[in-house]
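Which chain is which? The protein sequence lines are W and Z, in order.
Counted the way the UniProt record's numbering counts, the first sequence spans residues 1 to 201.
Counted the way the UniProt record's numbering counts, the second sequence spans residues 1 to 160.
Derived from the structure by calculation, the hints contain no laboratory data.
Some hints here could point you the wrong way.
Said to hold, decoys possible - Below, simulated DSSO-like cross-link-like pairs (lysine-lysine); rule was C-alpha separation at most 30 Å, straight line:
1) Z:Lys59 <-> W:Lys181
2) W:Lys57 <-> Z:Lys59
3) W:Lys115 <-> Z:Lys60
4) W:Lys183 <-> Z:Lys59
5) Z:Lys140 <-> W:Lys181
6) W:Lys179 <-> Z:Lys56
7) Z:Lys140 <-> W:Lys192
8) W:Lys183 <-> Z:Lys90
9) Z:Lys145 <-> W:Lys192
10) Z:Lys108 <-> W:Lys121
11) Z:Lys145 <-> W:Lys183
12) W:Lys55 <-> Z:Lys59
13) W:Lys183 <-> Z:Lys43
14) W:Lys179 <-> Z:Lys60
15) Z:Lys55 <-> W:Lys175
16) W:Lys115 <-> Z:Lys59
17) Z:Lys145 <-> W:Lys179
If you're wondering where the values come from, they're calculated on a predicted model, not measured in any experiment.
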Amino acid sequence: MPKRGAPAEVNAGSMADIAFLLLIFFLVTTTIETDAGLDRMLPPIEPPENDVVIKQKNIFEVNINKNGQLLVEDQLTEIKNLRERAIAFLDNGGDGTCTYCKGAKNTESSDNPTKAIISLKNDRETKYSTYITVQNELVGAYNDLRNREAQRLFNRNFTDMEAEYLNPETESSVKDELKDKVKRIQDLFPQKLSEAETSTN
Amino acid sequence: MSKFAKKKDEGLPAVNTAALPDIVFMLLFFFMTVTVMKDSSLKVENTLPNASEIKKLEKKDRVIYIYVGAPTSQYSSQFGSEPKIQLNDKFADPSAVGDYILQERAKKAQELQNVLTTALKVDKNANMGLISDIKQELRKVNALKVNYTTYDGDAFNNLQ
């Protein structure tokens, strides 16, 4: 008569294989998404009710042609220099009402950061990558100025504060506090970046 | 006989592999939690440009995606090599963008319908003409919040 012991153990040796199979399945079917980018608001399609007259000196015109060349305020400009010029324009404070501006106070340039508008025009054949670079530089100009003010007022970078504010894991008490600070900085240098319809030729 | 007598040499004992499944399961759970399922397969080239002043797109449920790029080699014989728009799994005309946005918007929860962002995943070799058409369509359906999705990097790399 065969010896009767405890029931034989189930062989778990292939468990690892099954787990590997699942692991490989998930590795293959999933992607870690690269979801970050430049946030922009498009202008509403209805024209504003009352046409506001904007002084020419408060508009900073940027034109991109189909070869990716930049015309900034009727001057051919390298993209490298765009950020610097945009900062000079926004930070100008021409009429002296801006107490925090450190610009040249040139009366021919913008009156106040809250009035300064950047107008971006592009050709239909402009390459998307060039357009993104220009957008990046213009947003960068705003961010540089906002960082400067945030450093002065709150001793930290505006971009950090905004990232923390937008992070869903931030606690709501911290968020409420940040909200006011972020709003305050945004009001100092409001992002007025108008994207007109593209020219057709 | 002494209790501490040397055992006969029987070669190296086999390494115990009982903990191997645990380790693999751990990896498995890690990947299961950190990754998201691909919801549509890409039919267009999608090398995004670089930018440095980027913001993260939090909350995936509030995002509608639009892909633009030249059809991949698999589809280029049928659809040509000019950049095209991909909505869900299909190629589409710019005029279809508005309907698509309205459709996607209707699928979302009521309280989210006003806070949706449209993520434009555009290949860096696309032309602005197509993007302008899309932007125009987005304005028509009042989807004004857009995100030009990019990679994190130096924006000047785009110009080479």
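Hints, verified against the model:
Proposed proximity of lysine 59 of chain Z and lysine 181 of chain W is supported: the alpha carbons are some 23 Å apart, at most 30 Å. About 40 Å separates the Cα atoms of lysine 57 of chain W and lysine 59 of chain Z, which puts this hinted pair outside 30 Å; it is violated. The suggested pairing of lysine 115 of chain W with lysine 60 of chain Z is violated, with an alpha-carbon distance near 35 Å, which exceeds 30 Å. For the hint linking lysine 183 of chain W to lysine 59 of chain Z, the alpha-carbon distance of about 21 Å falls within 30 Å, and the restraint holds.
For the proposed pair lysine 140 of chain Z and lysine 181 of chain W, the alpha carbon gap of about 34 Å is over 30 Å, so the pair is violated. Distance check on the hinted pair: lysine 179 of chain W and lysine 56 of chain Z sit about 17 Å apart at the alpha-carbon level, within 30 Å; holds. Using a Cα cut-off of 30 Å, the hinted pair lysine 140 of chain Z and lysine 192 of chain W holds, with the two alpha carbons roughly 21 Å apart. A distance of roughly 41 Å separates the Cα atoms of lysine 183 of chain W and lysine 90 of chain Z; the hinted pair therefore is violated under the 30 Å criterion.
This hinted pair checks out: lysine 145 of chain Z and lysine 192 of chain W have alpha carbons roughly 15 Å apart, not beyond 30 Å. Among the hinted pairs, lysine 108 of chain Z with lysine 121 of chain W is inconsistent with the structure: their alpha-carbon atoms are about 34 Å apart, more than 30 Å. Between the alpha carbons of lysine 145 of chain Z and lysine 183 of chain W the distance comes to roughly 18 Å, so the proposed pair stays at or under 30 Å and holds. Among the hinted pairs, lysine 55 of chain W with lysine 59 of chain Z is inconsistent with the structure: their alpha-carbon atoms are about 40 Å apart, more than 30 Å.
Between the alpha carbons of lysine 183 of chain W and lysine 43 of chain Z the distance comes to roughly 41 Å, so the proposed pair goes past 30 Å and is violated. Restraint check for lysine 179 of chain W and lysine 60 of chain Z: the C-alpha separation of about 22 Å stays at or below 30 Å, so the hint holds. With a CA separation close to 17 Å, the supplied pair lysine 55 of chain Z and lysine 175 of chain W stays within the 30 Å bound. Proximity of lysine 115 of chain W to lysine 59 of chain Z is assessed by CA-CA distance (about 33 Å); at most 30 Å being required, the pair is judged violated.
A hinted pair counts as satisfied when its Cα atoms are at most 30 Å apart, and lysine 145 of chain Z with lysine 179 of chain W qualifies at roughly 20 Å.
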